[in-house]
Amino acid sequence: MRSESTSSSQVTITTDFERRYRQHAAGALSRLTPAILRAQAWNMVHWSLIASSGLFGLYQLGWSPLSLLLLLVAGHSGGVLAEALKWLLFRTEYRAAVDTENEDRLVWAMVMAYRKGEKRIFASALQQTDPGQSVMVDSYAMAAAIALLGLQLRALGLEPAALFEDRWWLLNAILAMLWPFLGLFDLQMARQSGAPIAHQQFQPGGRGMGLLLVVAMFLWLSDAAESVRTLMMVIFVVTILVAVLAGFGLKVMADQRRWLAANLPGANMPAPIKKAAAPSVPTASLRPSRSRPRRKK
Numbered sequence: 001m002r003s004e005s006t007s008s009s010q011v012t013i014t015t016d017f018e019r020r021y022r023q024h025a026a027g028a029l030s031r032l033t034p035a036i037l038r039a040q041a042w043n044m045v046h047w048s049l050i051a052s053s054g055l056f057g058l059y060q061l062g063w064s065p066l067s068l069l070l071l072l073v074a075g076h077s078g079g080v081l082a083e084a085l086k087w088l089l090f091r092t093e094y095r096a097a098v099d100t101e102n103e104d105r106l107v108w109a110m111v112m113a114y115r116k117g118e119k120r121i122f123a124s125a126l127q128q129t130d131p132g133q134s135v136m137v138d139s140y141a142m143a144a145a146i147a148l149l150g151l152q153l154r155a156l157g158l159e160p161a162a163l164f165e166d167r168w169w170l171l172n173a174i175l176a177m178l179w180p181f182l183g184l185f186d187l188q189m190a191r192q193s194g195a196p197i198a199h200q201q202f203q204p205g206g207r208g209m210g211l212l213l214v215v216a217m218f219l220w221l222s223d224a225a226e227s228v229r230t231l232m233m234v235i236f237v238v239t240i241l242v243a244v245l246a247g248f249g250l251k252v253m254a255d256q257r258r259w260l261a262a263n264l265p266g267a268n269m270p271a272p273i274k275k276a277a278a279p280s281v282p283t284a285s286l287r288p289s290r291s292r293p294r295r296k297k
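Okay, so the sequence shown: first residue is 1 according to full-length UniProt numbering, each after it adds one.
One thing to keep in mind: the hints can contain errors.
Here are the simulated SDA-like cross-link-like pairs (lysine to any residue), alpha carbons at most 25 angstroms apart as the crow flies [claimed, not checked]: (1) LYS251 - HIS24; (2) LYS116 - GLN23; (3) LYS251 - LEU29; (4) LYS119 - ASP255; (5) LYS251 - GLN10; (6) LYS251 - ILE36; (7) LYS119 - ARG258; (8) LYS116 - LYS251; (9) LYS116 - ALA246; (10) LYS251 - ALA198; (11) LYS251 - ALA35; (12) LYS251 - ARG105; (13) LYS119 - ASN102; (14) LYS116 - VAL252; (15) LYS119 - THR14; (16) LYS119 - ASN263; (17) LYS251 - ALA261; (18) LYS251 - SER48; (19) LYS116 - HIS24; (20) LYS119 - PRO34; (21) LYS116 - TRP259; (22) LYS251 - GLY206; (23) LYS116 - ARG20; (24) LYS251 - GLU103; (25) LYS116 - PRO265; (26) LYS251 - SER64; (27) LYS251 - GLN201; (28) LYS251 - ASN263; (29) LYS116 - PRO34.
Simulated from the structure, these hints should not be mistaken for lab results. All values reported here derive from a predicted model rather than from experimental measurement.
Take the sequences, apply the hints, and build the full model.
Here it is, written out as structure tokens:
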């Protein structure tokens, strides 16, 4: 992943940033539609419900924490593999979408600065994501996480395959792994129809590294019986907290969108017409004269 950001957490807005802002502001506004915001809000609700169901099943229904962990691993692994296939099959669309997201990131950072009357933006807004490198790193991280998890389970005397002897858990693991691949069909249909592809269709990086972090936490915990339960509890609680915080983030994004719509640079919109002020007329001149005309002598 390459980055243009400096070591400082904030950088001063330059004329080049302002040029890029004027060039891409209208596009960024058109891509962040109310429908996209609603879809992202529903996504947060979706993950909150999944995490809440996991907590309920873990502590009330007696669900196996190890089975839940492997279900999580299956879902994340499927996501990483599906992302790698997207990069291999839709590389042109993938790179274009990521480049667009890079420019949009700068636009919204500039909007935040303008709303606050500031002359600096966070350096992270200049980060340029390399999708190929991100997908590769994520794939390596996923492979390392699965290998470490398998070795640790065997060291604890647990066989991963035996945890899926229950067909219900096996079916859920298969569905969780295959679900991300449905996005490939959406991309293919969009390519054939020539429809625009939203950059939200591509998510380079994140899953594999997150999975590696989960496995590292599992290795750090000691007791086999309670460590997995504690780990899954932490994962579910953190998921709910992240979803709640993301909800506040969506509110900020909606406010920024409204501001940009009202202050769009270079838009072909007529300037608001101001009513001309009525000329000031002395009050006395508005009153009818009561004096009678003088008679000529």
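Now for the hints, and whether the structure bears them out:
{"no.": "1", "hint": "LYS251 - HIS24", "result": "holds, 22 angstroms"}
{"no.": "2", "hint": "LYS116 - GLN23", "result": "holds, 21 angstroms"}
{"no.": "3", "hint": "LYS251 - LEU29", "result": "holds, 15 angstroms"}
{"no.": "4", "hint": "LYS119 - ASP255", "result": "holds, 20 angstroms"}
{"no.": "5", "hint": "LYS251 - GLN10", "result": "holds, 23 angstroms"}
{"no.": "6", "hint": "LYS251 - ILE36", "result": "holds, 13 angstroms"}
{"no.": "7", "hint": "LYS119 - ARG258", "result": "holds, 21 angstroms"}
{"no.": "8", "hint": "LYS116 - LYS251", "result": "holds, 16 angstroms"}
{"no.": "9", "hint": "LYS116 - ALA246", "result": "holds, 21 angstroms"}
{"no.": "10", "hint": "LYS251 - ALA198", "result": "holds, 21 angstroms"}
{"no.": "11", "hint": "LYS251 - ALA35", "result": "holds, 14 angstroms"}
{"no.": "12", "hint": "LYS251 - ARG105", "result": "holds, 17 angstroms"}
{"no.": "13", "hint": "LYS119 - ASN102", "result": "holds, 20 angstroms"}
{"no.": "14", "hint": "LYS116 - VAL252", "result": "holds, 13 angstroms"}
{"no.": "15", "hint": "LYS119 - THR14", "result": "holds, 9 angstroms"}
{"no.": "16", "hint": "LYS119 - ASN263", "result": "holds, 17 angstroms"}
{"no.": "17", "hint": "LYS251 - ALA261", "result": "holds, 15 angstroms"}
{"no.": "18", "hint": "LYS251 - SER48", "result": "holds, 17 angstroms"}
{"no.": "19", "hint": "LYS116 - HIS24", "result": "holds, 20 angstroms"}
{"no.": "20", "hint": "LYS119 - PRO34", "result": "violated, 28 angstroms"}
{"no.": "21", "hint": "LYS116 - TRP259", "result": "holds, 11 angstroms"}
{"no.": "22", "hint": "LYS251 - GLY206", "result": "holds, 23 angstroms"}
{"no.": "23", "hint": "LYS116 - ARG20", "result": "holds, 19 angstroms"}
{"no.": "24", "hint": "LYS251 - GLU103", "result": "holds, 21 angstroms"}
{"no.": "25", "hint": "LYS116 - PRO265", "result": "holds, 17 angstroms"}
{"no.": "26", "hint": "LYS251 - SER64", "result": "violated, 37 angstroms"}
{"no.": "27", "hint": "LYS251 - GLN201", "result": "holds, 22 angstroms"}
{"no.": "28", "hint": "LYS251 - ASN263", "result": "holds, 19 angstroms"}
{"no.": "29", "hint": "LYS116 - PRO34", "result": "holds, 23 angstroms"}
Checked against the numbered hints above, the structure violates hints 20 and 26; every other hint is satisfied.
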